[in-house]
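Chemist: Single-letter residue listing:
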Amino acid sequence: QQPVQSPQAVILREGEDAVINCSSSKALYSVHWYRQKHGEAPVFLMILLKGGEQKGHDKISASFNEKKQQSSLYLTASQLSYSGTYFCGTAVNYGQNFVFGPGTRLSVLP
Amino acid sequence: DAGVIQSPRHEVTEMGQEVTLRCKPISGHNSLFWYRQTMMRGLELLIYFNNNVPIDDSGMPEDRFSAKMPNASFSTLKIQPSEPRDSAVYFCASSLRGQGAHQPQHFGDGTRLSIL
Chain A
65 QQPVQSPQAV
75 ILREGEDAVI
85 NCSSSKALYS
95 VHWYRQKHGE
105 APVFLMILLK
115 GGEQKGHDKI
125 SASFNEKKQQ
135 SSLYLTASQL
145 SYSGTYFCGT
155 AVNYGQNFVF
165 GPGTRLSVLP
Chain B
80 DAGVIQSPRH
90 EVTEMGQEVT
100 LRCKPISGHN
110 SLFWYRQTMM
120 RGLELLIYFN
130 NNVPIDDSGM
140 PEDRFSAKMP
150 NASFSTLKIQ
160 PSEPRDSAVY
170 FCASSLRGQG
180 AHQPQHFGDG
190 TRLSIL
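Protein chains in written order, with my numbering: chain A, 65 to 174; chain B, 80 to 195.
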């Protein structure tokens with residue numbers, strides 16, 4: 065079952081913050097986040113495992129709420145380089161089907 | 080370090096022809112994934128190998144598609160016969176361990192396939 069991402073698209077000005085959500089109808093074992101720039105391959109950002117952990121990478125961080133079966137990606141003080149499509153990927157068990165969400169298109173304007 | 084290598088980068092062929100896409104995973108990675116990406120359907124997992132063995136091929140669209148991994152450093156995705164609706168970008172990715180695990184997937188640059 066494909067996870068649901070929201071919003072579908074968001075437009076920001078440089079320096080603004082954004083939150084991208086990823087939710088599933090099933091209990092999740094792990095959530096992966098990837099970013100894909102136009103014409104390029106997806107690039108790994110971070111992985112979160114069940115346990116409600118939060119991770120950060122520079123000004124991009126994420127949380128995983130296993131009770132809500134939801135993960136959120138936080139982009140703080142966005143930069144032009146943050147533009148792209150963000151995908152979450154979810155797995156309900158280790159080694160089980162891994163499915164990418166439909167993506168959230170983020171555009172950061174100067 | 081070399082990443083995942085895919086070839087060709089672009090392929091344009093006529094309907095009915097056989098198409099073979101190639102992938103060399105990162106050395107030491109034992110899981111390999113083939114994805115198809117289109118505007119309409121997004122990023123779809125076609126097949127997943129672990130230690131050269133196909134584990135999940137439920138995403139393979141139909142019998143026209145086949146994938147092999149004869150050894151740890153090479154995989155092919157074949158479409159025969161090809162149809163215009165197969166036009167898409169095909170990505171290969173590899174990881175240290177299987178799906179949903181603690182390891183990220185590393186993607187190749189993709190093959191942009193156009194079937195006329």
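Please note that a few of the clues may not be correct.
Pair ranges (Cβ atoms, derived) [claimed, not checked]:
#: 1; chain 1: A; residue 1: Gln65; chain 2: B; residue 2: Lys147; range: 40 to 46 Å
#: 2; chain 1: B; residue 1: Ser86; chain 2: A; residue 2: Ser89; range: 34 to 40 Å
#: 3; chain 1: B; residue 1: Thr117; chain 2: A; residue 2: Pro71; range: 18 to 24 Å
#: 4; chain 1: B; residue 1: Leu195; chain 2: A; residue 2: Pro166; range: 46 to 52 Å
#: 5; chain 1: B; residue 1: Arg88; chain 2: A; residue 2: Ser171; range: 23 to 29 Å
#: 6; chain 1: A; residue 1: Gln65; chain 2: B; residue 2: Thr117; range: 15 to 21 Å
#: 7; chain 1: B; residue 1: Lys157; chain 2: A; residue 2: Glu80; range: 44 to 50 Å
#: 8; chain 1: A; residue 1: Gly79; chain 2: B; residue 2: Phe153; range: 45 to 51 Å
#: 9; chain 1: A; residue 1: Val107; chain 2: B; residue 2: Lys147; range: 39 to 45 Å
#: 10; chain 1: A; residue 1: Pro166; chain 2: B; residue 2: Ile134; range: 51 to 57 Å
#: 11; chain 1: A; residue 1: Leu144; chain 2: B; residue 2: Asp136; range: 39 to 45 Å
None of these hints come from the bench; they were simulated from the model.
Glycine is no exception: its CB is placed at the ideal position from the N, C-alpha and C atoms.
Chemist: Against each hint, give a clear statement of whether it holds in the structure.
Modeler: Do the hints match the structure? See the list:
1. A/Gln65 with B/Lys147: 40 to 46 Å: With Cβ atoms ~28 Å apart, the hint is violated.
2. B/Ser86 with A/Ser89: 34 to 40 Å: holds (38 Å)
3. B/Thr117 with A/Pro71: 18 to 24 Å: holds (21 Å)
4. B/Leu195 with A/Pro166: 46 to 52 Å: Check failed, 28 Å falls outside 46 to 52 Å.
5. B/Arg88 with A/Ser171: 23 to 29 Å: holds (26 Å)
6. A/Gln65 with B/Thr117: 15 to 21 Å: The hinted range 15 to 21 Å holds for glutamine 65 of chain A and threonine 117 of chain B, with Cβ atoms some 19 Å apart.
7. B/Lys157 with A/Glu80: 44 to 50 Å: holds (46 Å)
8. A/Gly79 with B/Phe153: 45 to 51 Å: Because 46 Å falls inside the window, the suggested range holds.
9. A/Val107 with B/Lys147: 39 to 45 Å: violated (27 Å)
10. A/Pro166 with B/Ile134: 51 to 57 Å: violated (24 Å)
11. A/Leu144 with B/Asp136: 39 to 45 Å: At 40 Å between Cβs, range holds.
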